[in-house]
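Produce the entire structure from the sequences given, and follow the hints as far as they go.
Under the numbering used here, the sequence shown has 207 at position 201, and the numbering climbs by one with no breaks.
All clues stand as given, with none of them false.
Distance windows between CB atoms, simulated: (1) Gly-237 <-> Gly-130: 30 to 36 angstroms; (2) Gly-130 <-> Ala-230: 26 to 32 angstroms; (3) Asp-227 <-> Glu-148: 19 to 25 angstroms; (4) Asp-50 <-> Asn-80: 16 to 22 angstroms; (5) Asn-80 <-> Glu-268: 35 to 41 angstroms; (6) Asp-50 <-> Thr-143: 47 to 53 angstroms; (7) Asp-211 <-> Glu-129: 20 to 26 angstroms; (8) Ala-78 <-> Leu-269: 42 to 48 angstroms; (9) Thr-210 <-> Arg-85: 46 to 52 angstroms; (10) Pro-157 <-> Gly-226: 30 to 36 angstroms; (11) Ser-139 <-> Lys-94: 28 to 34 angstroms; (12) Thr-210 <-> His-82: 53 to 59 angstroms; (13) Gly-252 <-> Ser-159: 17 to 23 angstroms.
By construction, these hints were calculated from the structure, which means they are not laboratory data.
We treat Cβ as the ideally placed atom computed from N, Cα and C, and that holds for glycine.
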Amino acid sequence: MKKSSDTSMTGEAIADFGDEPMTGTSDGALARAAGVTAWRQIADAIEADVMNGRLTPGSQLPTEARLAERFAVNRHTVRRAIAALAAKGLLRATQGRGTFVEAKPLAYPIGRRTRFTEIVSREGHEAGGELMSAAETVADEETARRLRLMPGSPVLRTEVRRFIDGTPVSSGTSFFPLPRFAGAAAVLRETGSITRALAACGVTDYVRAETRITARLATGDDAARLDLSPGRILFVVDALNVDGTGTPVQAAHVVFAADRVELVVENG
Numbered sequence: 007m008k009k010s011s012d013t014s015m016t017g018e019a020i021a022d023f024g025d026e027p028m029t030g031t032s033d034g035a036l037a038r039a040a041g042v043t044a045w046r047q048i049a050d051a052i053e054a055d056v057m058n059g060r061l062t063p064g065s066q067l068p069t070e071a072r073l074a075e076r077f078a079v080n081r082h083t084v085r086r087a088i089a090a091l092a093a094k095g096l097l098r099a100t101q102g103r104g105t106f107v108e109a110k111p112l113a114y115p116i117g118r119r120t121r122f123t124e125i126v127s128r129e130g131h132e133a134g135g136e137l138m139s140a141a142e143t144v145a146d147e148e149t150a151r152r153l154r155l156m157p158g159s160p161v162l163r164t165e166v167r168r169f170i171d172g173t174p175v176s177s178g179t180s181f182f183p184l185p186r187f188a189g190a191a192a193v194l195r196e197t198g199s200i201t202r203a204l205a206a207c208g209v210t211d212y213v214r215a216e217t218r219i220t221a222r223l224a225t226g227d228d229a230a231r232l233d234l235s236p237g238r239i240l241f242v243v244d245a246l247n248v249d250g251t252g253t254p255v256q257a258a259h260v261v262f263a264a265d266r267v268e269l270v271v272e273n274g
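The following block contains the structure:
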């Protein structure tokens, strides 16, 4: 399943917003003698509207051209203000789609039965998945240890990106033992669901045997995949799932945008 459709404001809603002055002076003009740079004043005005709820999570900002016209500045100045707010995690600028207010983080519980689609759907959101690559390879020492295989054993390596309401929230690499999961890639390509891929290979249920959580800063590749600014914080989750007999079925390495999900570790 490809990522879900965009949930931004409609063009009419954007036009209505653009016809009203933003926080600041009554006509939206900048205070030229305030001793604060123009881009900072614009950033502060937008941030104030996010904080007071006038710009709601998931809503789309007017275009750079309309903001430039409102504040009587060039588009480069507007772009710098948007970049500063994106770096803070308040906005998400996506090429070809526009700039959006970041949604509030989704509580994402991690326990013995962690299922992305179930968790997202339960919170009233739409889950999506996209298989980015799949290839047969051999297990290195660390992967073999996690899957209880001999080093050099054949495994299926996949990369999957996950979405909530069309916004990318995670990107992960998984390894599945072969030949047991030879058919998993085809199901992942069609549905984007790990659970369905495992079920198609005979694993009707599985549980989380181990989860390790660390953090790091986003690289340029992370930023491109998750539509965020380089340097933003990522949660790094290394997980091992096993079937009913305790046999490993998936070793995963997943990065989450830290300001889009709140990892909740469940006891028991």
